[in-house]
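Visitor: Take the sequences, apply the hints, and build the full model.
So the sequences go chain by chain: A and B. Read in this note's numbering, the first sequence has 96 at position 96, and its numbers run on one by one without any break. Read in this note's numbering, the second sequence has 194 at position 194, and its numbers run on one by one without any break.
Source of the hints: derived by calculation from the structure; they are not laboratory data. Where a beta carbon is used, it is the ideal one built from N, C-alpha and C, also for glycine. If a hint is listed, it holds; no wrong ones were tucked in.
Derived Cβ-Cβ restraints for the label pairs, each shown as a range: (1) B:Val245 - A:Ile33: 39 to 45 Å; (2) B:Ala73 - A:Glu186: 27 to 33 Å; (3) A:Ala509 - B:Pro31: 43 to 49 Å; (4) B:Gln59 - A:Arg477: 50 to 56 Å.
Interface residues of chain A toward chain B, partial, derived using beta-carbon atoms under 7 Å: (5) Thr51; (6) Ser181; (7) Asn204; (8) Glu254; (9) Ala409; (10) Pro443; (11) Val453.
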Amino acid sequence: MGRMTRSGRALLASAFMMACAATAQAQTPGNRILKVGVQSDLKVLDPIVTTSRVTGMFASSVYETLFAYDEDGVPQPQMVGDTKISDDKLTYEFKLRPDQRWHSGGPVTAADAVASLKRWMSFDPVGRMLNDFTKSLEAVDQDTFRLVLKEPYGLVLQSLAKPSPGSPFIMPERLAKTPISQPITEVDGSGPYIFKQDEWRPGNRVVFVKSPAYVPRKEPPSGLAGAHVVNFDRMEWLYIPDNNTGLSALQVGEIDYLDEVPFDFLPIIKSNKDTRLVSLYNGTLGFIRPNFTQPPFDKPLARQALYYLVDQPEFMNAAVGDADFYMKFCGSYFICGSENGTEAGSENFRGKDIAKAKKMLADSGYKGEPVVVLLATDRPLYAAWTQVMIQNLRDAGVNVDVKPSEWGALMSRWARKDPPEKGGWNLNIGAQPPGGTDPIKNPFFNPACDKAVLGWPCDEKLLKMIDAWSRETDDERRKAMIADINRQAYQSVPYVILGQYQQPVAVRANLTGVLKTGGTTAFWNMVKK
Amino acid sequence: MWAYLVRRILATIPVLLVVAVVVFLLVNLAPGDPAALLVGDDARTEDIERVRQRLGLDQPLPVRFVHWVGDLAQGNLGNSVLNSRPVLDLILQRLEPTASLAILSIIIAIVIAIPLGILAAWNAGKAIDRGVMVFAVLSFSFPVFLVGYLLMYVFSLYWRILPVQGYTPLAQGLGPWLANLILPSVALGLVFSALLARMTRSTMIEVLNEDYIRTARAKGLATRPILFRHALKNAAVPIVTTIGVAFAALIGGVVVTESVFAIPGVGRLTIEAVLQRDYPVVQGVVLFAAFACVMVNLVIDLSYTFFDPRIRY
Numbered sequence: 001m002g003r004m005t006r007s008g009r010a011l012l013a014s015a016f017m018m019a020c021a022a023t024a025q026a027q028t029p030g031n032r033i034l035k036v037g038v039q040s041d042l043k044v045l046d047p048i049v050t051t052s053r054v055t056g057m058f059a060s061s062v063y064e065t066l067f068a069y070d071e072d073g074v075p076q077p078q079m080v081g082d083t084k085i086s087d088d089k090l091t092y093e094f095k096l097r098p099d100q101r102w103h104s105g106g107p108v109t110a111a112d113a114v115a116s117l118k119r120w121m122s123f124d125p126v127g128r129m130l131n132d133f134t135k136s137l138e139a140v141d142q143d144t145f146r147l148v149l150k151e152p153y154g155l156v157l158q159s160l161a162k163p164s165p166g167s168p169f170i171m172p173e174r175l176a177k178t179p180i181s182q183p184i185t186e187v188d189g190s191g192p193y194i195f196k197q198d199e200w201r202p203g204n205r206v207v208f209v210k211s212p213a214y215v216p217r218k219e220p221p222s223g224l225a226g227a228h229v230v231n232f233d234r235m236e237w238l239y240i241p242d243n244n245t246g247l248s249a250l251q252v253g254e255i256d257y258l259d260e261v262p263f264d265f266l267p268i269i270k271s272n273k274d275t276r277l278v279s280l281y282n283g284t285l286g287f288i289r290p291n292f293t294q295p296p297f298d299k300p301l302a303r304q305a306l307y308y309l310v311d312q313p314e315f316m317n318a319a320v321g322d323a324d325f326y327m328k329f330c331g332s333y334f335i336c337g338s339e340n341g342t343e344a345g346s347e348n349f350r351g352k353d354i355a356k357a358k359k360m361l362a363d364s365g366y367k368g369e370p371v372v373v374l375l376a377t378d379r380p381l382y383a384a385w386t387q388v389m390i391q392n393l394r395d396a397g398v399n400v401d402v403k404p405s406e407w408g409a410l411m412s413r414w415a416r417k418d419p420p421e422k423g424g425w426n427l428n429i430g431a432q433p434p435g436g437t438d439p440i441k442n443p444f445f446n447p448a449c450d451k452a453v454l455g456w457p458c459d460e461k462l463l464k465m466i467d468a469w470s471r472e473t474d475d476e477r478r479k480a481m482i483a484d485i486n487r488q489a490y491q492s493v494p495y496v497i498l499g500q501y502q503q504p505v506a507v508r509a510n511l512t513g514v515l516k517t518g519g520t521t522a523f524w525n526m527v528k529k
Numbered sequence: 001m002w003a004y005l006v007r008r009i010l011a012t013i014p015v016l017l018v019v020a021v022v023v024f025l026l027v028n029l030a031p032g033d034p035a036a037l038l039v040g041d042d043a044r045t046e047d048i049e050r051v052r053q054r055l056g057l058d059q060p061l062p063v064r065f066v067h068w069v070g071d072l073a074q075g076n077l078g079n080s081v082l083n084s085r086p087v088l089d090l091i092l093q094r095l096e097p098t099a100s101l102a103i104l105s106i107i108i109a110i111v112i113a114i115p116l117g118i119l120a121a122w123n124a125g126k127a128i129d130r131g132v133m134v135f136a137v138l139s140f141s142f143p144v145f146l147v148g149y150l151l152m153y154v155f156s157l158y159w160r161i162l163p164v165q166g167y168t169p170l171a172q173g174l175g176p177w178l179a180n181l182i183l184p185s186v187a188l189g190l191v192f193s194a195l196l197a198r199m200t201r202s203t204m205i206e207v208l209n210e211d212y213i214r215t216a217r218a219k220g221l222a223t224r225p226i227l228f229r230h231a232l233k234n235a236a237v238p239i240v241t242t243i244g245v246a247f248a249a250l251i252g253g254v255v256v257t258e259s260v261f262a263i264p265g266v267g268r269l270t271i272e273a274v275l276q277r278d279y280p281v282v283q284g285v286v287l288f289a290a291f292a293c294v295m296v297n298l299v300i301d302l303s304y305t306f307f308d309p310r311i312r313y
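Guide: This is the structure we're talking about:
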């Protein structure tokens, strides 16, 4: 065999590169395949037991809920066809709409809905609240079930429409009877997409196909409500942990949709004619969480002082940067622009006043003890806010003891109630979920002391106000009550609002029909041209 | 030979036991709580406690260790705390991408490094030698992620002839498999080619100064037989050792490269498990890496008999 010449070798190399290029081209998705880049791997398949965003997105694609919020924040029937509410507002009768089938075959029944709701009501905070008011929940016949309350509760439909995370997704009874202590690992939904468990590669890709048996509602799509019309035969989620790689994949068209774009990348995406940014919701709140169980922030005055260390644009600019994606000021605990977006009570807490904060801290009894601030080094958004807060605290004479760690170690410390010097903490930065538009849906707002989430805010008066609000069935009166609740929150300060911002997603320019859902992504209604 | 093989395989048991104890203690004594991470940041204390009980994390450390070792003795690495899937399945699922990346990287490293090392040794002290060493220093000094991004920019974003990310199993075709692996393999291969080129050069220089090489030259033997038949074979033992060590390191997972190119390999499984405090997965992966390392070393030791017939076991 003769030796290959130099030009022959070059030709072979070129041919190989072209073959690879052809392969890469062959992989380019057609307009019937949606490719989504996700930066968190799907690990938990049971959407009831986790608050993971990616699990919520997954569940919203394969499962349905009885009710769903429309774009105006009003709960609309989704799996339910007819609803009858008794005059005394104690009995709710729900009839499921026809033609709903499980992906494994068989009709969706009232027994499935009842079992699913009972499981959700034993775990989710909103579900537990509904459970407290529930006298009975049972199937009446094949497609009708009845909820009987002990006393009127103004948030029945709102609870059933709770957006992800923690939505009351309906599953087959055989799965829904799984104890809440045991996560469900089998997936059988009735939603517009079927999860291809055999093609699921943890750490790599999640595959869905369009459900041929799914019958969408007749109403036009709005938020998470209305018709869920899928325009793709197949959807693939590719787990791309590296942000730069995710952006590159979007730029060359390897993916059509990139979830949770880092703020650093916004200018690049904006300037590229092939990509654009989409906001899925009005906004969410960044916050600083004081630990109510430890001095000095066990005193309301000390917590209120923190508000005078906050200039919202200063915080938002440090982390978000692009002013199109944050508000100059938001004084509502329930998202400005939402149905409950009142700013009542915030009037005296706007703008930074270091001297005032210093005086208030001194008046509250603070004498320079170390204040432990948790710093999540691997969460750029939180890390930027924490750095600003640390400087402002120091300016106010606070003896700050910064505890930097990655998120896993931080979570462990955050969960501890011990004194700061024994492994506990005083302040931590976080963000509430986008759907937290009322005192029940916003888990960080709940001031139920030991039964509250980490930070353990404690305010009996506020708790009673929330209770009264939740029992109120008149919308107008409830609106007035929410303003009082916001006002009281500024007195007890479950957390200090750092600002309202949006975390956009990025899509290819040829992908249209992305719905504004209020939080999670709806992979229906989208069209790829 | 067979007795030696059995002895070596039995010797892996105490090694793996020591690794098991160390990794168990390291993982479990490090700060972090999988229950808190699993429930999320809007959890209540009682929710976290309930998950801790379900995962058995409320039990004392020695009890957990005994349970784990007991399962291990039966070949059970346990289940992931996050998705309840068997750890062994998770590792096996990630093995093909990692093994593919490792093999291709090593091939690239060998193809680049051995000729360069020989060339440098043959021209020791001359400009070619210096040029090769500059290449080696540069290849070793550039961070892999930087080389990865540069390759991605040129071949995927600018020329658009190779995919940016992902992995296609070999069963779906050689073309797609190669297309996904070329860039990460070149990025990794360059680092190892630097090591290998230096090792090849130094051992070859040593061998080329031996009397039998001088004799071969004096006999008028051509350069090629001298280099490849006499010198390289005798210099092979340290070179093969370097290749084996590099392969063992690669098979244990290359976190950065796998992350940059979104390759679902063992390295990414490890780092995700560490960040999520998925203790059984971390323990399983480290044990697997230790086992792989021992086995690769065994294969290297056995290969010495081929290159140097004087070695007998």
